[in-house]
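Colleague: For chain A, the structure is supplied; the task is to place chain B on it using the hints.
In order, the protein sequence lines correspond to chains A and B. Residue 55 in the working numbering sits at position 55 of the first sequence, with consecutive numbering throughout. Residue 63 in the working numbering sits at position 63 of the second sequence, with consecutive numbering throughout.
Quick caveat, the hints were computed from the structure, so don't treat them as lab data. Hints are supplied without guarantee of correctness; some may be wrong.
What the hints assert, rightly or not - Label pairs and their computed distance ranges (CB to CB):
id, chain 1, residue 1, chain 2, residue 2, range
1, A, Tyr118, B, His289, 34 to 44 Å
2, A, Ser141, B, Lys330, 51 to 61 Å
3, B, Asp198, A, Trp46, 34 to 44 Å
4, A, His153, B, Gln47, 34 to 44 Å
5, A, Gln119, B, Asn192, 52 to 62 Å
6, A, Ala82, B, Lys159, 35 to 45 Å
7, B, Pro375, A, Gln119, 52 to 62 Å
8, A, Ala82, B, Gly398, 40 to 50 Å
9, B, Pro375, A, Asp132, 55 to 65 Å
10, B, Arg374, A, Val142, 40 to 50 Å
11, A, Asn45, B, Asp125, 48 to 58 Å
12, B, Pro50, A, Asp132, 22 to 32 Å
Keep in mind that this is a model prediction, so the values were computed, not measured. Built from N, CA and C at the ideal position, the CB exists for glycine as well.
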Amino acid sequence: MNATGTNQARPQGLLNARNTLLVGIGNNSRADDGLGWAFLDALENWPDFEGDIEYRYQLQVEDAALIANYDSVVFIDAYQGALPEGFRWEVCQPAARFEFSTHALSPGSVLFLCQDLYQASPAAFTLAVAGDEWGLKEGLSVRAQANLQHALHSFRELIT
Amino acid sequence: MTRKITIDPVTRVEGHGKVTVHLDSEGQVQDAFFHIVEFRGFERFVQGRPYWEAPVLVQRLCGICPVSHHLAAAKAIDQIVGVDPDDLSPTATKLRRLLHYGQILQSHALHFFYLASPDLLFGFDAPPEQRNVAAVAVEHKELARKGILMRKFGQEIIKAIAGKKIHGIAAVPGGVHKTFTPEERAYFQQENDTPSVDTIIQWARETVEFIKGYHNKNYQWLDTFARYPSGHLGLVGPNGELELYHGRLRAIDSLGNKTLNDIPNDAYIKYFTEGVAKWSYMKFPYLKHLGRKDGWNRVGPLARLNVCDSIPSRFAQQEWEEFRGYTNGKPNNCTMHSHWARLIELLHCAEMIKSLLADDSILGNDLLREGTRRPEGIGIMEAPRGTLIHHYQVDEKGMITKCNLIVSTTHNNEPMNQAVRWVAQNVLNKQPKITEAMLNEVEVAIRAYDPCLSCATHAMGKMPLHIALYDHQDNLLDECYRD
Chain A
1 MNATGTNQAR PQGLLNARNT LLVGIGNNSR ADDGLGWAFL DALENWPDFE GDIEYRYQLQ
61 VEDAALIANY DSVVFIDAYQ GALPEGFRWE VCQPAARFEF STHALSPGSV LFLCQDLYQA
121 SPAAFTLAVA GDEWGLKEGL SVRAQANLQH ALHSFRELIT
Chain B
1 MTRKITIDPV TRVEGHGKVT VHLDSEGQVQ DAFFHIVEFR GFERFVQGRP YWEAPVLVQR
61 LCGICPVSHH LAAAKAIDQI VGVDPDDLSP TATKLRRLLH YGQILQSHAL HFFYLASPDL
121 LFGFDAPPEQ RNVAAVAVEH KELARKGILM RKFGQEIIKA IAGKKIHGIA AVPGGVHKTF
181 TPEERAYFQQ ENDTPSVDTI IQWARETVEF IKGYHNKNYQ WLDTFARYPS GHLGLVGPNG
241 ELELYHGRLR AIDSLGNKTL NDIPNDAYIK YFTEGVAKWS YMKFPYLKHL GRKDGWNRVG
301 PLARLNVCDS IPSRFAQQEW EEFRGYTNGK PNNCTMHSHW ARLIELLHCA EMIKSLLADD
361 SILGNDLLRE GTRRPEGIGI MEAPRGTLIH HYQVDEKGMI TKCNLIVSTT HNNEPMNQAV
421 RWVAQNVLNK QPKITEAMLN EVEVAIRAYD PCLSCATHAM GKMPLHIALY DHQDNLLDEC
481 YRD
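Okay, chain A solo, but in the shape it has when bound (with noise of 0.2 Å):
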């Protein structure tokens, strides 16, 4: 987010719906963990996406081969705390330095192996959908819910 707080790193015109790669990144049975595969449940029947999507609990090693084979590619996952709009976009950046906890690989160190070992350069975004919940429980709480449709309204306005 930039000191505006608006989410003026919105993917204009680099997102091309047929060489796009959606990645949903969380749990669904842990409330709003579940944001990242509900805004790709959202886009299944949805015609004017000819992309790919993939679920994900966590980002992996090998998640880096599958993203040099796209032009661009979009990270959605949950967000702990709050956002003016209710989600954030962001051009993804390759993180050379990894976070000292890499269990589970954050969006941008996956950039990273794809361009360090596949020689590969996608544009890529992540798209944080703030949540409340994140206890074991089924189905996203109602703010959730809302930051969702904002989130999906958003994506649909960069496609369409």
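Modeller: Here is chain B on its own, set in the frame of chain A:
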């Protein structure tokens, strides 16, 4: 003054854990604990759900080994629908085994290439920014690519059988969900964007040679680091051979004496119980007849290679003989040899996958069997990290009334605490300053067990390393964070 050093969370393990080391005013280690601070509550979550949902629901326990939970639950639910393991169709049993070997192969590959290898390749003293997969990718590209492709091979096996790499449906009560096609079989037997099974076997053999070569150069610390006597637990087949999918439970003590003599799965409740500690949410399983002090066991690759009498695959058997020969046939209690054992198992899984792919009966369409409903089912198997137990009871409507899960990392709770105490007493003791390398040695000891603490929830940017010092009254003396 007593100081407490906290490492929170432990890095490169699945889920959140915390290590505290308690020092007295002389810098002597008083004690050390490995805390599991996240309460999962999954057993209660499953209660009240229909039994047929269990194999799907439990996949969400873990982002790394959902297949293991899926299959263990399926084995238990088979019994609830009246189908014992021997009554499954040969096709269903073999497809489940194929799925299981694919799961263990990809999990072991992930652990070795991306979690353990940074410590081995760069050493304890390397700075944190070098001890990770990024540095492996930069400095050992070929190794990194092979690791990715070996993991991908296992993931593609899972996808072929379960329909998806993640939250797919492979096993259903009494069998499997879908057939395996000749085209799918051919994909794994030939070179594609994924290596053939023959290539995977070759790479697995090379990786075992790598670890043996590394061992020859570094045996002094590998043989002694976090070494302690313990019991070992695992499944074995009818002839005492290594068995990962279905077998009898065998345990031995640190000298090799059998403490659990090949008991059937449904007898586990008679022999096992679980202790608790107020400082950890994770329980401490042990053998009742030996008591809590002596009845705990290591599980996982090291334990499995200790309890079995042979390995039913050619190259892995050869490697197992060398592995066992290293300790003159006695149980191997060297924590760091877990990596060697894990790679022998990876080779075994690759060989078993090749064998199953060559078996035409995996292409059959006899997928499901039926029986008479029962109120209880127990599924036990060897997950990548060790013995995994799923136990369910259902009411007359088929709703789950009781669920008991003893996961691999729970068995390894006491072993990991033992490893942490060893490091604390042998590395941290009387040191004037706690260095980054010392702290990493605590983590290396834990990582050897490849623990999976509770990884199935996360969100962006919530995994810092927190180190804190406390005095004897739990006043915070110092702390630091690393993102």
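Colleague: Compare the structure with each hint and give your call.
Modeller: Hints, one by one, checked against the model:
Roughly 55 Å separates the CB atoms of Tyr118/A and His289/B, a value that falls outside the hinted 34 to 44 Å. Distance hint check: the CB atoms of Ser141/A and Lys330/B are about 56 Å apart, consistent with the given range 51 to 61 Å. The hinted range of 34 to 44 Å is satisfied by Asp198/B and Trp46/A, whose Cβ atoms lie roughly 42 Å apart. In this structure the hint that His153/A and Gln47/B lie 34 to 44 Å apart at CB holds, the actual value being about 38 Å.
The supplied range of 52 to 62 Å is broken by Gln119/A and Asn192/B, whose beta-carbon atoms lie about 21 Å from each other. Under the hint 35 to 45 Å, the C-beta atoms of Ala82/A and Lys159/B, about 37 Å apart, fit the expected range. The hinted window of 52 to 62 Å between Pro375/B and Gln119/A holds, with their beta carbons roughly 58 Å apart. Roughly 43 Å separates the CB atoms of Ala82/A and Gly398/B, a value that falls within the hinted 40 to 50 Å.
In this structure the supplied range 55 to 65 Å is violated for Pro375/B paired with Asp132/A, their Cβ-Cβ distance being about 39 Å. Distance hint for Arg374/B and Val142/A: a CB-CB separation of about 42 Å, consistent with the stated range 40 to 50 Å. Look at Asn45/A against Asp125/B: about 55 Å separates their beta carbons, and that is inside 48 to 58 Å. About 29 Å separates the C-beta atoms of Pro50/B and Asp132/A, a value consistent with the hinted range of 22 to 32 Å.
Hints 1, 5, 9, counting from the list given before, are not met by this structure.
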